[in-house]
Amino acid sequence: MATLKTPVTLTIDGKSLTVEKGTYVIDAARQAGIHIPYFCSHVKLAPDANCRMCLVEVEKMPKLQTSCNLPVAEGMVVRSTSEKAEQAHKSVMEFILANHPLDCPLCDQGGECELQDRSHAYSDNVSHYTEPKRLPEKRYFSPYIEREMSRCITCMRCVRYCDEVLDVKAITAVNRGDRIEISTFMDRELDCEFCGGCVQICPVGAFTNRVALYDYRPWQLKKTETVCTYCADGCTLTLESRVTENEIVRVTSDWEKGRNLGDLCAKGFFGYHMINSPERVAAPMIRQNGSLVEWPWIEAIESAAQQLSEIKRRYGAEAIGGVISARCTNEEAYLFQKLLRLAIGTPHVDSSARDGHLNSVRALRRVVGHGRMTAPYEAIEAARVVMVIGADLTETNPITALRVKAAVRKHGATLITVGPYLKEIGPISNLVNLSQEPLTVTPGTESVVIRALVKAVVEERLVDPSIASQAPAYIGRITAAVKQLPWPVVEARTGLSSDAVKAAARRLAGAERAVILFGPELTRRAGGYDAVCVLADLAILTGLYSTPGSGLNPLCEENNEMGVVEMGAAPEFLPGLIDVRDDAGRQRLRETWKEALPLATGWSLIQMLEQARQGRLKALYLVGEDPLGSLPASAGVRQALQSLDLLICQDPFLTETGRMAHLVLPASGFAEKEGTFTNHEGRTQRVRRALEPVGESLPDWEIFSQLAAGFGYPLDYASAGEIGDEIGRVLAFDGGNWADRTDGRVDAGVMARYLAEVGDAELEARYRPSALSSSIRSLEHGEQGGAALGLQLIISQSLFHSGKLSRHASELTRIEPEGRLQVNPSDGERLGVEDGDVVRLRTMDGSTSREALVPVVRRAKIQPGFCRFPGHFPEAGVKELVDWSVDPVTQVPYFRSGRVVIEKAAGAALTVSTVRAAKGGA
Amino acid sequence: MAEVVLFRNRDLPGYTGSLADYERQEGYTALRSMFTQYPPAEVIEIVKRSNLRGRGGAGFPTGMKWSFLPKERTITYLCCNADESEPGTFKDRELMTVDPHQMIEGIVMASYAIGAHAAYIYIRGEFAAEAVIVERAIQDAYKAGYLGRNILGSGFDLELTLHRGAGAYICGEETALLESIEGKRGLPRSKPPFPATHGLYGKPTVINNVETLASLPHILRRGAEWYLSIGSPPKSPGTRIFSVSGHVKRPGNYEVPMGITFRKLIFGLAGGMKSDRPLKAFIPGGASASFFTPDHLDIKMDFDEVAKAGSMLGSGGVTVMDDSVCMVWAAVNLLRFFHHESCGKCTPCREGSNWLLRVLRRIEHGQGRLADLELLPQVCGNIAGRTVCAFGDAETAPVISTLRHFRAEYEAHITRKECVMGHANRALNTGTAGDSAAHPISFAGH
Amino acid sequence: MRTDKTADKTETPNNGSSRRPAGLSEAARLELVETAKRYPIKRSAVLHGLRLVQEEAGFVTEAGMREVAALLEMTPHEVYDVATFYTLFHLRPKGEYLIQVCRTLPCALGGAESLLSHLEQRLGIREGQTTPDGKFTLVTVECLAACGKAPVMQVNDEYHEAVTTEQVDRLIEQWRKTPLEQDAGPTDRTPAKGARRG
Ligand SMILES: Cc1cc2nc3c(=O)[nH]c(=O)nc-3n(C[C@H](O)[C@H](O)[C@H](O)COP(=O)(O)O)c2cc1C
Ligand code: SF4
Ligand code: FES
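Protein chains in written order, with the working numbering: chain R, 1 to 922; chain C, 1001 to 1446; chain U, 2001 to 2198.
Don't read these hints as lab results, they were simulated from the structure. Please note: incorrect hints may appear among the correct ones.
[Unchecked claim] Beta-carbon label-pair distances, calculated as ranges:
#1 T6(R) <-> G1153(C): 46 to 52 Å
#2 G33(R) <-> M1421(C): 40 to 46 Å
#3 R1407(C) <-> K138(R): 40 to 46 Å
#4 V1004(C) <-> T6(R): 53 to 59 Å
#5 E189(R) <-> D2133(U): 33 to 39 Å
#6 A1427(C) <-> V243(R): 56 to 62 Å
#7 V1420(C) <-> T2131(U): 32 to 38 Å
#8 P1193(C) <-> E189(R): 54 to 60 Å
The beta carbon of each residue, even a glycine, is placed where N, CA and C say it ideally should be.
Working from the sequences, and respecting the hints, build out all of it.
So this is what it looks like as structure tokens:
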């Protein structure tokens, strides 16, 4: 056992044990392997002591005590198996069972029911209760969650979880005494985040998974512990499958395990149906006079290898490029770049991490040596001050958000949210509600705020002393640079008072432990790279990098963005984030790989598309990527793809891009793979195979080795594990085993270099107001006047979707079937629209003739003059209305904000079915 | 006739309880001199010396309760418990209506003593008219400078707020009361931590009953020694208001020195048995107290004597029953009350109240079994002492005590279908027990 | 689920919307906001808010609960939770005169049962029912703390103590005669007296 801060020694059932002060007796007992029965107590929740099952006898206390909320005391003597205690356990069981139905045979909880289990151990199975049982009437609750109140034991775990952990409060107790039921407002259909927490935490069958209703008996299911494929939070899931049907039946998560400790979001809990989706590509397809037709694997691979070799022969390897999805494993990303760089010999390899994350990696690598979080989840939860900036965290990273909620609600941290969002109490939690000091800014001016924070830190003399002494010159340069940003400008742009900004800076600098989290609304906006550099300055100046428990945390969207870049699936980086131009690094790699690396510098995805249009790129190999579906038309993707000689799409689904491909290769999903993902903390976690590959699909890495073979360049591995071992060897020189490099340790050498090298000119440019011109200026509110309204549009993420993968998950699509334009109720009024009414969107500057028709929903959290649309619904055409630009430094494409004119569209509301139609077979 | 303290103004001709009337009877003079004479610590000392014990039910020494507050504290709250919901108790209601300022003066004194600058009066929701009277008294007190900033130039500030409940007996339990003021359902909290350290909004808090607080002006005006000289010192000094109800000639509130006998109260002050039927049983301290029989008439009405005899003085509600009353029926009536009022938090109370009521109903209606007479105490034993709050114990008192004193009557129902009220042959409706009392139109779920 | 419900569930005072669901009158809204200021947290005023809703609408309406939730920064679920715990809140329309007969032991000893049955046959309804004309609802309640003057009934907010059958008959006649307020429909009256006085 770890050494204890304040050890307390007590005796439980004759066993003497020493535990940390403040431990509850029931937990102390558990540590000693003594099981005291309980129902309402739960690791996730503050004790409520309502079930009274955990009663124990304590010396010198006349009454029996509930051990779930009784803190240990020195010399305390506890008996949980004395006659008195055991009689109490039996009597409480008898009370609970008195009105509990005997429907175990048809209850989905059967086999994993805490009541069932304990009733064997703690009751002598004869009830003295002979009165009629209470039978609450059965009422409809939700399509996703089944409620059977006759089974409820009123432990309130579900209600407490929904409040204490999720901060959603969508279910409550109604009525009192033995008339209590768990319900919603006026007994309406459940409307919440659908995290499944109430189902997971219910000790009995009162809440069960309705999607899998009567589908299984727990003990019949094969359980595979793996990592979620949706977002970068990196949650551990248990995929429960029926082996005979090779299909996932449900998802659960262990309260004691993983980075998520059992908590999940709707995607994790209800989002598994894309795995066995009927829309999966069944077999390889080759384009035969215009249309794609199924083809045998061997020939498909041969044809791919042969065509690629042909192009290489005629135009050289540089005419070939490849892009891999950040949903693939580290092993696959590693093998992919090896395939392209070594087998084919082209430097043009990129990944979907380009879409924002490369801004973080590029900026942070320069400062601390890598792009990972420097404060892991535990540190977020333990921080005294948490600043969340440029992210609607509940929607983008729901489990990371739980850590922030815990920091505030459990540990009393101060939360500073910086963003365009307002308070809103609704079915989806909202960090702004928990923020004691929300900095509500004009949409798009987060980048101004962070510069203002730096300004405040230096001008208010808040600079961390150690840095002040270590790098006076750097401080001097920054101080000079921020002079260019006068407070009046800050106030005019952001809508914040300078005092508010200074107060926030003071909190940040003054905190014992502070963590900053930043997300897509900075990294996916024009100026994203500079923004991260500024945040790094802020972190340095406030000592976040030098104080244990503090840190600067980049947030990622896709599950393995961190990994694919670290594996070298980027033109600028070799495995281990080695700069491609770093000769020493190349030399070392050459030795391990016994192979020369291509000399030319590679192209990013955007450059590849450009080069394709120019006719210089002839073949594009897309793995899990769908640029046509994700990028706006203004990116010119279609022309680019049309000008290719060869387009290979390797994907579990037939994407928009796939429809244009010459060759489609069916890839397996995460549930059919072995390997590892690295979450945005930098934790590298095992991905395990739960199912046999669906249809004829193959794990991406197997396809890569087959292709390599086709080039006569063997890349054969017996297993993903073998690739992992090689990665280990390759990265060995990069400070130990890559997989263990879990935390983002700050590389002191790197930082020293940065402090020395970052010069006046660069800083001057970084803090020059014109550098902010790219940041969105707020509009004259309603400047179009009348029925049409000019609004600032941002494309955001939704809690219920992730990229477009989730669109193939039937339940998620049922929860959020269509994209809805979120507007402030007052703007809704100006437009004269109710929820569900359809509005027409055009670009304000008329740069394109395109328009989009979408339903609206009024959301109080959206500022007036501002509107938001989830980016998971390309068919709506909203993404065609945004501004398009590319970062000059990092080649990150920016296409998630713009200015639009909105007016109510005449005619009926779009129905889900029309949306589906628009979605087509995708 | 021993001296009357709390009701001294009640019977004055033309006394309205207005601020003017109260002041005319030297109201608030004790407050004025308290500010000039005593620092807060001194006030606590006086109250400690007086041995004033809480009138809300538990009879806890008030001064001691105050001294449990942590030395280091920023915010402190005082809550005046005016929820008065214990069946058979109706003293606080009269105290508040006839002399609201007496309570308010006491509240200011207590707040000053414990350093509270915000106090709340939690008055039960049914008391609509009373709420109006108290609210007006509070406004008058503000106008006259007895409340608000810098009270009587003492530099002491106090904001007093009347908080109305909405129909829940359990909210009289001090921690449920706190939850209710916080805007939640009235679920009692586990103790420890006690309100003295973690009370209202998590801050140190004192909860005192109306009568307790109303006694303070008198103690401060006339001194601890005077208070100790009346009633049943040293443990139960002072006067106490007893609410007498049921089969007596003159039911009502009687303020008497602690320590007189029940006989004196029931047969003296309350005029003896109505319709001159013999006394069969009486409840000495509200529905939560065990039944007494004529054998207990000569017990002194003092906290410890009554406790010794196996019941409690509780809330001071004395309910008298003559021999026309069936004890099983009486138990059913009270269990229906407890079942209806159980907040539902604790398994034993929630399930047990339902269980007890159903069994008692069967017995009352002649459908009992002799085994039930073993079952009932067993179920009671599984409730009492195993719940978050004292309600659990309370709901077992009527069952245990009627069984103890009137077992034969239970047996008569079971074996011979005999009932003094003839219920043993009435049909029993087997709906959800107590649902008739479950306010059919106030529960959406029902 | 981002359905049309979402927006009504997301009312907050600072959302810039001037349109509000029919819940509380402007005066009541102001009173509630003022009351909330007496406490360190807004939520403490929820009982008062629900009382205001009931006094204006005759019962605790859905719109009213939503509005109280919005004003006190609670979810509607939390307000509903509270509303169903306290017996004085009625989630369904009730008669203009809510007759609440105490039936706890002291009153039962004082003739509560005969009072109840007298009322039942006078009004032609059973306990828990409302007369067809929406005039009277008859319920039983637990101890009203007036045990010294049993039997006791509370009609809307007013206590009637030591009531005799003759008194009851007189009162019912009198109430039958009182004209209904014009503005309100049969299920939608505001009988509340006392509470708002002063
Ligand atoms: C179920 C229950 C109901 C109670 N009801 C009341 C009540 O209505 N009024 C009251 O003053 N105390 C009541 N009490 C006692 C309070 O919890 C608390 O002890 C009392 O208000 C403290 O005030 P005191 O010290 O002045 O007596 C009740 C206790 C319990 C367990
Ligand atoms: S004992 Fe009864 S009333 Fe008290 S907290 Fe438990 S359930 Fe509620
Ligand atoms: S029993 Fe009816 S008022 Fe107390």
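| Non-conforming hints, listed in increasing numerical order | 2, 8
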